[in-house]
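Trainee: Protein sequences, first through last, are from chains A and B. FYI, our numbering numbers position 110 of the first sequence as 1086, with every residue one higher than the one before it. FYI, our numbering numbers position 59 of the second sequence as 1035, with every residue one higher than the one before it.
Keep in mind that the hints were calculated from the coordinates and are not lab data. A few of these clues could be false.
Any copy, or any two copies together, can satisfy a pair, since identical chains are not distinguished.
Okay, derived cross-link-like pairs now, SDA-like style, lysine to any residue, Cα gap no bigger than 20 Å in a straight line [claimed, not checked]:
hint : residue 1 : residue 2
1    : K1031     : Y1117
2    : K1031     : Y1077
3    : K1031     : F1118
4    : K1063     : P1088
5    : K1014     : L1104
6    : K1014     : C1097
7    : K1014     : P1099
8    : K1095     : H1038
9    : K1031     : E1114
10   : K1047     : Q1120
11   : K1014     : E1071
12   : K1014     : R1083
13   : K1031     : R1083
There are 2 protein chains.
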Amino acid sequence: MKMTILITLLAGGTLLAGAVIKSGETQSTATPKPDPIKRVGMVVGLRPECIDEYKRLHADSHAGVRDLLSKYHIRNFSIFLQQIDGKWYEFAYYEYTGSDYEGDMARLAQEPRNIEWLKVCDPMQIPLPGAEGWTVMEQVYFNQ
Amino acid sequence: MKMTILITLLAGGTLLAGAVIKSGETQSTATPKPDPIKRVGMVVGLRPECIDEYKRLHADSHAGVRDLLSKYHIRNFSIFLQQIDGKWYEFAYYEYTGSDYEGDMARLAQEPRNIEWLKVCDPMQIPLPGAEGWTVMEQVYFNQ
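When you get a sec, could you build the whole thing from the sequences and use the hints?
Mentor: Structure follows, in structure tokens:
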């Protein structure tokens, strides 16, 4: 019976994290909230002559600033590459699991190693017209 | 026991699909591997005159084929909308947690309700030149 309910929650896309926690812990820890994860999709152009170097810097074997992303509650971060109408674009997806998005992003931006990292990566990118850096896209669908 | 494992699945985001299967089956099915989740990023054009209807069909309040996605182990599915050089594009991200991607996709494609759903959605989309439907993008970065 409980299994059936949990499976329904999984499929529903609107599950309550608190309700899930509740089953394994004491009643007091359960404060149900709808999907507290912030999901971000972003796009930016990439200079074609920089594709190889960009891939090298972002390979699994390259540490980059992976630890800093984790430190500021950015997880499940993927970047995809695609050519559209003759231009190259990067599409990023990540999830923010903290409770102070603006604050964490501001602190990340001040990390010396992140500043150095962006000095390398930013010149490889071509922001969309009118944008600075990545453009955050509008989310129109989510299914848990 | 089963409850606890399902809860880990919901909360963890980094779980091993094999570990979940293990709880309901014999030990022989459990061969833990690092990050067995397949992460897919895709892009397709969207006819500007269809944006409002597309959003309506994909709103949280619309059931669509959410249950079928879950049935075939597609989870954490987001679609983002962005205008680039005057054209509109959808960017999708999802995770596949099953063990037979091609098989599950083939079975999903044969579900009568999915066929009906695509009859409605496909005509709203403009595939990239040379593509049919969504174009799967190259993943160049992942950070857990």
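Trainee: It remains to establish, for every hint, whether it holds in the given structure.
Mentor: Checked hints:
Within a single copy, K1031 and Y1117 get their C-alpha atoms only as close as 29 Å, which misses the 20 Å cut-off; across copies the closest is 8 Å, which meets it. In this assembly of identical chains, K1031 and Y1077 lie within 20 Å of each other by CA distance neither inside one copy nor across copies; the values are 27 Å within and 26 Å between. For the homomeric pair K1031 and F1118, the shortest alpha-carbon distance between copies (11 Å) is at most 20 Å, but the shortest distance inside one copy (28 Å) is not. Proximity of K1063 to P1088 under the C-alpha cut-off of 20 Å is found in neither arrangement, the shortest distances being 32 Å within a copy and 38 Å between copies.
In this homomeric assembly, K1014 and L1104 never come within 20 Å of each other (Cα to Cα): the closest approach is 23 Å inside a single copy and 29 Å across copies. Neither within a single protomer nor between protomers do K1014 and C1097 lie at most 20 Å apart by alpha-carbon distance, with minima of 24 Å and 26 Å respectively. Within a single copy, K1014 and P1099 get their C-alpha atoms no closer than 27 Å, and across copies no closer than 30 Å, so neither meets the 20 Å cut-off. Proximity of K1095 and H1038 under a CA criterion of 20 Å is satisfied intra-copy only: 17 Å inside one chain copy versus 44 Å between copies.
Within a single copy, K1031 and E1114 get their C-alpha atoms only as close as 26 Å, which misses the 20 Å cut-off; across copies the closest is 11 Å, which meets it. Proximity of K1047 to Q1120 under the C-alpha cut-off of 20 Å is restricted to the inter-copy arrangement: shortest distance 12 Å between copies versus 25 Å within a copy. Proximity of K1014 and E1071 under a CA criterion of 20 Å is satisfied in both settings, with 6 Å inside one chain copy and 16 Å between copies. Within a single copy, K1014 and R1083 get their C-alpha atoms as close as 18 Å, which meets the 20 Å cut-off; across copies the closest is 31 Å, which misses it.
Taking CA atoms no more than 20 Å apart as the test, K1031 paired with R1083 passes in neither setting, with 26 Å inside one copy and 34 Å between copies.
In summary, the numbered hints that this structure violates are 2, 4, 5, 6, 7, 13.
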